[in-house]
Amino acid sequence: MFWKSKPLWGNKTRLKSSYDAVIIGGGLHGLATAYYLAKEHGITDVAIIEKRFIGFGGAGRNTAIVRANQRTQYNVPLYKEALDLWPVLTKELDYNLMFNNCGNLNLMHSEAAMKAARMTIATAQFHGVESHLIDAKQAKELVPALNISEDITFPIHGAMFHPPGGIVRHDAVVWGLAKGAAKHGVHIHQHTEATAIHTEDGKITGVETSRGRIHTPRVLISAGGYSAGLIYHMLGIKLPIAVLTIQAMVTQPLKPLLDHVVSSGAYHCYANQTLKGEIATGAHMDQWPNYTTQNTAHYIKHQAEALSDWLPCLRGVKFMRIWGGLADMTPDMAPIMDGNDQIEGFYMDCGWGYFGFKSCSAVGKYMAQFMASGHCPDMLKPFNLRRYENHQLMGETAALVSYTPDN
Amino acid sequence: MALTLTCPVCGQRNGYEFRYGGEDKGPRPAEAGLTPAAWCDYVHMNKCTAGVQKEWWFHRDGCGSWFTTWRDTTKNLEVAKPEASK
Ligand SMILES: Cc1cc2nc3c(=O)[nH]c(=O)nc-3n(C[C@H](O)[C@H](O)[C@H](O)COP(=O)(O)OP(=O)(O)OC[C@H]3O[C@@H](n4cnc5c(N)ncnc54)[C@H](O)[C@@H]3O)c2cc1C
Ligand SMILES: [Zn+2]
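These protein sequence lines are chains X and C, in that order. Take the first sequence: its letter number 199 is residue 199 in the numbering used here, and every next letter is one higher. Take the second sequence: its letter number 45 is residue 1045 in the numbering used here, and every next letter is one higher.
Please note that a few of the clues may not be correct.
Claimed, not checked - Pairwise CB distance ranges (calculated):
{"#": "1", "chain 1": "C", "residue 1": "1066", "chain 2": "X", "residue 2": "116", "range": "54 to 64 Å"}
{"#": "2", "chain 1": "X", "residue 1": "203", "chain 2": "C", "residue 2": "1002", "range": "21 to 31 Å"}
{"#": "3", "chain 1": "X", "residue 1": "40", "chain 2": "C", "residue 2": "1066", "range": "50 to 60 Å"}
{"#": "4", "chain 1": "C", "residue 1": "1081", "chain 2": "X", "residue 2": "42", "range": "46 to 56 Å"}
{"#": "5", "chain 1": "C", "residue 1": "1063", "chain 2": "X", "residue 2": "201", "range": "52 to 62 Å"}
{"#": "6", "chain 1": "X", "residue 1": "155", "chain 2": "C", "residue 2": "1066", "range": "35 to 45 Å"}
Stated by the list, open to error - Below are the DSS-like pairs computed for lysine-lysine, each with C-alpha atoms no more than 27 Å apart in a straight line:
{"#": "7", "chain 1": "C", "residue 1": "1047", "chain 2": "X", "residue 2": "140"}
{"#": "8", "chain 1": "C", "residue 1": "1025", "chain 2": "C", "residue 2": "1047"}
{"#": "9", "chain 1": "X", "residue 1": "115", "chain 2": "X", "residue 2": "80"}
{"#": "10", "chain 1": "X", "residue 1": "12", "chain 2": "X", "residue 2": "51"}
{"#": "11", "chain 1": "X", "residue 1": "179", "chain 2": "X", "residue 2": "12"}
{"#": "12", "chain 1": "X", "residue 1": "91", "chain 2": "X", "residue 2": "115"}
{"#": "13", "chain 1": "X", "residue 1": "183", "chain 2": "X", "residue 2": "16"}
{"#": "14", "chain 1": "X", "residue 1": "140", "chain 2": "X", "residue 2": "255"}
{"#": "15", "chain 1": "X", "residue 1": "51", "chain 2": "C", "residue 2": "1047"}
{"#": "16", "chain 1": "X", "residue 1": "238", "chain 2": "C", "residue 2": "1054"}
{"#": "17", "chain 1": "X", "residue 1": "238", "chain 2": "X", "residue 2": "255"}
{"#": "18", "chain 1": "X", "residue 1": "16", "chain 2": "X", "residue 2": "91"}
{"#": "19", "chain 1": "X", "residue 1": "183", "chain 2": "X", "residue 2": "39"}
{"#": "20", "chain 1": "X", "residue 1": "203", "chain 2": "C", "residue 2": "1047"}
{"#": "21", "chain 1": "C", "residue 1": "1075", "chain 2": "X", "residue 2": "301"}
{"#": "22", "chain 1": "X", "residue 1": "16", "chain 2": "X", "residue 2": "39"}
{"#": "23", "chain 1": "X", "residue 1": "140", "chain 2": "X", "residue 2": "318"}
{"#": "24", "chain 1": "X", "residue 1": "238", "chain 2": "C", "residue 2": "1075"}
{"#": "25", "chain 1": "X", "residue 1": "238", "chain 2": "C", "residue 2": "1025"}
{"#": "26", "chain 1": "X", "residue 1": "238", "chain 2": "X", "residue 2": "276"}
{"#": "27", "chain 1": "C", "residue 1": "1025", "chain 2": "X", "residue 2": "115"}
{"#": "28", "chain 1": "X", "residue 1": "179", "chain 2": "X", "residue 2": "276"}
{"#": "29", "chain 1": "X", "residue 1": "318", "chain 2": "X", "residue 2": "301"}
{"#": "30", "chain 1": "X", "residue 1": "12", "chain 2": "X", "residue 2": "91"}
{"#": "31", "chain 1": "X", "residue 1": "381", "chain 2": "C", "residue 2": "1081"}
{"#": "32", "chain 1": "C", "residue 1": "1047", "chain 2": "C", "residue 2": "1081"}
{"#": "33", "chain 1": "C", "residue 1": "1081", "chain 2": "X", "residue 2": "238"}
{"#": "34", "chain 1": "X", "residue 1": "183", "chain 2": "X", "residue 2": "6"}
{"#": "35", "chain 1": "X", "residue 1": "276", "chain 2": "X", "residue 2": "140"}
{"#": "36", "chain 1": "X", "residue 1": "203", "chain 2": "X", "residue 2": "381"}
By construction, these hints were calculated from the structure, which means they are not laboratory data. Glycine residues also receive a C-beta, built at the ideal position from the N, C-alpha and C atoms.
Chain C with its partners taken away, still in its complex shape (with noise of 0.2 Å):
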């Protein structure tokens, strides 16, 4: 469905021009002490949210960004950052 997305270098370009990278899962965890349930958690796991999530966005047919935005999956609209996490 088509998206709009806000790539920070290039501003406001369409959906197809980016590749999707996956739900923000935070930093990448240390390799000290790291366990096989928490590297599977990182690099497999998600949480399917419907409704607004944080993600990762590589501005691919662009500027070659990697970048984070919010966006809803049940309307497929980016949105501004939740209240919540300012």
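Chain X extracted, bound-state conformation (with noise of 0.2 Å):
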């Protein structure tokens, strides 16, 4: 470089020989965590290890759609706190985090698939969480450019309408957050890749970068869609994780026709109308694991076809961009908090899949809690990986999906 440039977040801060805590990852959850360790537990003496640039990750790489309409009594509570933060945080942070709350609209696309929304929405309601079931004709009221003719290959027999969610903008939460963390004397190191974790005698007492070597009683690993491969070649413990690209792509910018999100299961694709005027669309994932973040003419096409049958004013509208990221699903869909368990002062936030956008500000809240005390605060112990082997498999899914044999 040429010139020396100043982070956005703060000062450059120089790589310690040793830390209090230690997080590989600069993406959402990782920042989270560092910022509440230093705003509300007083743990501010935390580096932020990250290989290559803060948000390189599924941070910036999201469709940023927010909501806390999920399955089951375990995660809506999290969801919805981390829904309740984003006015919070854009206060506390003093930056315009963006949120629009333009609510959500589930397509339910069968009989079958209107009487388990009836049951996701019964478990919304019990918890506070607004969510409605609607009709087609309630759908095309509050989506005009909806095709509700039975004519299509998935005809649409109503929605879950879900008012509270919408769309936040990812960038501005990774900016916000760094900037949050910074303050609080947080220290954000980019291209610093963690190459080792040290133990003895089954505790934390290092961590090996491209850089040095830090020592640290405390690691968390966040490091989104690579953690699970960096816990099993790191530590040994494996997870119950198959890593997968998914894509998502934007059409050109378009006159507002769209002021919902809205999200089809059957056809696997969802859009929404960015403050731009493109339609932002995301796809189902990769049928087989890879690290290549690549995207491919299959997914173009079904997105281009998907979109074309319940969105037909779309057809003929121009794809302008498209990329990829990694989604680490788990087999329940519901992502592993665990830590302090395997080895002392060893934390994991991960299984985040395609929704640790949403969740990442109550995460980043109970693992910070977490820890500083050492304790797993009750929100989260539903998620320990011990659930796979005691048959406690969340229900966040209907049925038991494997992403690897039958994606």
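Using the supplied hints, reconstruct the complex from the two chains, each of which is provided in its own coordinate frame.
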């Protein structure tokens, strides 16, 4: 570089040889955890170790959808708290996170899906989350562009309408949290790769990085899609995770036509209109695990076909940009948050698949509490790793999914 | 991402004809003395290697064979069996 640049979040800091806590991964979860460790627990001697640059992972690639209408009683309260935190964080961080609570519409394409939606809605309402079942006509009133004819591949029977959800600007969350964490004393080290974790007598003692060794009694791995591979290859702990590339794309900007986030499980397709006017849309994951984050003609075609079926006014509109990121999927579609168990001082926060953006605010708060006290907060207890060997998989999906053999 | 796989019966074919069958975890553990932890390890747990791994595939839209092969998960390319396991 020919110029000296100052990071957006504060002053450049020197990599010290010891910290009270080291966080591997400068994504949403690492930044949020560091922020709350420093702000709420007075643990300010914290280093975030980031291989590339903050926001390089899912943090800068997600489609920014937030909602709290999950399926089980363990997940809904966590996501509700995360959703309620966006306006609070906007003020606290003094950074506009551009929360647009336009509401989410989840299309149902069969009577069985309508029944499943009824149960999910009952769970939401029980936990004080607004969610309603609406029929196809009501869906059409909310989104006039919707094709409710019976003549499409998957005719629309109705929808689950969740008004408090919407879109948050994902880059703003990265920048705001980085600024907030740095203000409380956290060191953010970009272009620094964690290469090994040192333990002694079952306790964490340090982290090896591409820029030298750091002594620390506490380590969090929150490296998004890279977490499971790092945890196995550094510590020998295997996780029930499959890492798949997931792709997203945006169209050319259009006049306003879609003021809700609309998603369809049957079409494997979701879409919303950004403030710039583009239709941002995402697809299902690749059919086999890979770390490429590359795009395929297969999914561009799939998106075009799906969208021109249920949003026919988009026929002929062009895709302008397409990108991919990683989704680390568990068999029960719920994350793994655990720690201070297999190895004293080691914490993990992963398995967030394609839902780790909407959760990051609340998760950072609870992971910080966990790391500060060494005790798992009640909110996170159901997400422990041992649930798999105890056959207590969460019911986030109605049936066990295996993203390996029959994705 | 595009992938070509070599079926032992049909030869090189487009990856979309196949179904991924998981990381190769060796033989199924014996029923006698099987613990929940060992069973969970076999059923659910993965190494998630960013690099070359041995894995199962099923020629779904072809001859129906199940076979193992080696693939680099960072490049999505089938590769020759590594030297070490000769
Ligand atoms: C296309 C796409 C769409 C998505 N849409 C949504 C959505 O609409 N809503 C939603 O809630 N979620 C969505 N997600 C999921 C969400 O983006 C992730 O779950 C979330 O980013 C996970 O956050 P994280 O902090 O754990 O990891 P990341 O944000 O992925 O950050 C991990 C960081 O770790 C770093 N790292 C890796 N290895 C090392 C190492 N050895 N040393 C140091 N650093 C390392 C990486 O460089 C990266 O910056 C989507 C994801 C993708 C890819
Ligand atoms: Zn074959």
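Looking back at the numbered hints, which does the structure fail to meet, lowest number first? Hints 1, 2, 7, 12, 17, 18, 26, 27, 31 are the ones this structure does not satisfy, whereas the remaining hints hold.
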